[in-house]
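Q: Chain by chain, the residues:
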Amino acid sequence: MGEAHTIHAELPDIENVQVVPKEQLLERVAQLAEQGHRFITTTCIDNGERFEVYYHFDRQLAMTHLQVTIDRDAPLPSITPIYFCAFVAENEMKDLFGLRIDGLMVDYQGRMLVSDELPTPPMRKSDARRNGDGS
Amino acid sequence: MAVKTVLPFGPQHPVLPEPIQLRITLEDESIGQVLPALGYVHRGIEKAGEKNDYPLNVFLVERICGICSATHGLAYCLAIEKLLGIEPPPRANYLRVVWAELHRLHSHLLWLGLLADAFGFESLFMQIWRIRETVMDVLEQTAGNRVIISVCSIGGVRRDLSEQQIEQTMNALADCERQLKAILPAILEDYTVKKRTVGKGVLPTEKAIRLGVVGPTLRASGVAQDLRMTGYAAYGELGFEPVVEQAGDCYARAVVRARECFQTIDLIRRALERLPEGDIQTKPRGNPNGKAIVRVEAPRGELMYFVVGNGTKNLERMRVRTPTLANAPALLEMLPGAEFADVPVITLSIDPCISCTER
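Just so you know, the protein sequences line up as chains A and B, in that order.
Note that my numbering has the first sequence beginning at 1, numbered continuously upward.
Note that my numbering has the second sequence beginning at 1, numbered continuously upward.
One should not assume that every hint holds.
[Said to hold, decoys possible] Subject to a maximum C-alpha distance of 25 Å in a straight line, what follows is the list of computed DMTMM-like cross-link-like pairs (lysine to aspartate or glutamate):
| # | chain 1 | residue 1 | chain 2 | residue 2 |
| --- | --- | --- | --- | --- |
| 1 | A | 22 | B | 316 |
| 2 | B | 4 | A | 107 |
| 3 | A | 125 | B | 46 |
| 4 | B | 47 | A | 71 |
| 5 | B | 51 | A | 52 |
| 6 | B | 207 | A | 116 |
| 7 | B | 47 | A | 27 |
| 8 | B | 313 | A | 49 |
| 9 | B | 207 | A | 27 |
[What the hints assert, rightly or not] Ranges between beta-carbon positions, derived for each pair:
| # | chain 1 | residue 1 | chain 2 | residue 2 | range |
| --- | --- | --- | --- | --- | --- |
| 10 | B | 4 | A | 81 | 23 to 31 Å |
| 11 | A | 75 | B | 56 | 32 to 40 Å |
| 12 | A | 71 | B | 43 | 25 to 33 Å |
| 13 | B | 120 | A | 21 | 53 to 61 Å |
These aren't lab readings, by the way, just hints derived from the structure by calculation.
We put the beta carbon where it would ideally sit given N, CA and C, even for glycine.
The following block holds chain A by itself, in its conformation from the complex (with noise of 0.2 Å):
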């Protein structure tokens, strides 16, 4: 999978992806930030069965990405304790895909971007596109 995602040879301002079981991401987060990573965003992709969360750092214009993959129900442990200003990313995947986040420094339970009219999480594939429907 690290190989797929490495999409950036000829740019030298990105590294490849590393892919991180959930329970030791918050281990090599500190790791990250001991060493003076720059924290740059979160980004969540529903692949229609599970949710692939990736962690954005940077150092001196070098990017290294964290990749966790995790069922859609699964909660996944906040990294706001280490980098407080995560609380904003991880927020916003709580909102637009209804992640599930555990600890967060600032929790908008769900409702930072969207109102409470909101049903569903907006972001996240539908059940019948993931069946293959197309709608």
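Assemble chain B onto chain A, guided by the hints.
A: This is chain B only, laid out in the frame that chain A set:
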């Protein structure tokens, strides 16, 4: 004992042209806790990016933010070009730099004007915006529009510059530079301005990195980091040194942006002088497939596009991380301890763009 009051700063406030709320806990006149409330104008552009055809997204992403629309278009086009494996012609790369830098220039001037306005220096605000009009005229002359100029397309640029337009641009830049040189001392050396900005909202280097701030806010805290150093488009050939200040306060952020105005004028001149001859468009073929990340330097800082293609005309995912999303958490660190009267200046010092934040 200090009296605690929770005060809503925004969503409608004279210093904020766009809706965001800061819930400020005041202890007498000094600020305790700050909590931002977002979502007043969230538009779901990332989701819309999955629904549109990929060439149509160029117009969509330009509407994420008016002030840096050229940079959004550029970043998206670079990401798609990476997926399609195409290279724009050299002339297109240089023209992209010209328009991206013109946008930076008018964005920085807009901000300097707003800063003057934030502490009530209205005539200075008007003067700076008058200089900004020179840049807006150049944009209109060269691209046909003032704000959303839509010049980037996948594989190149949509418009070329004639000899006459280049000459007009050069003249306007000289004019702009002359006026800026005359007026900037009024901001940067003024006693009152210094009184309101020096030592306010200090962000030391280590904290700046840990809080993930980007762009002029990061460079004002002594970190020489600018995505233009990576040499995308034609920056690699034009030569580039980032502008850095050490103090990390509101004044340093103003100085970084003021110095960047001159740097930007130099970059545009160099790009126009060395403008290569030839085509301006490479024809894109096929549909994007795979994953690509592109980072460019928008006027407010690092702008990241993470684009996932699936071999169809629609994208699987389009992730946009705008500079204000990275700079806003720093407010929660900068504001506590400050006086309430300094909230407008400190908030403005990160150059918040709510339009970017509420993609």
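Q: Hint by hint, which ones does this structure get wrong, listed from lowest number up?
A: 6 and 7
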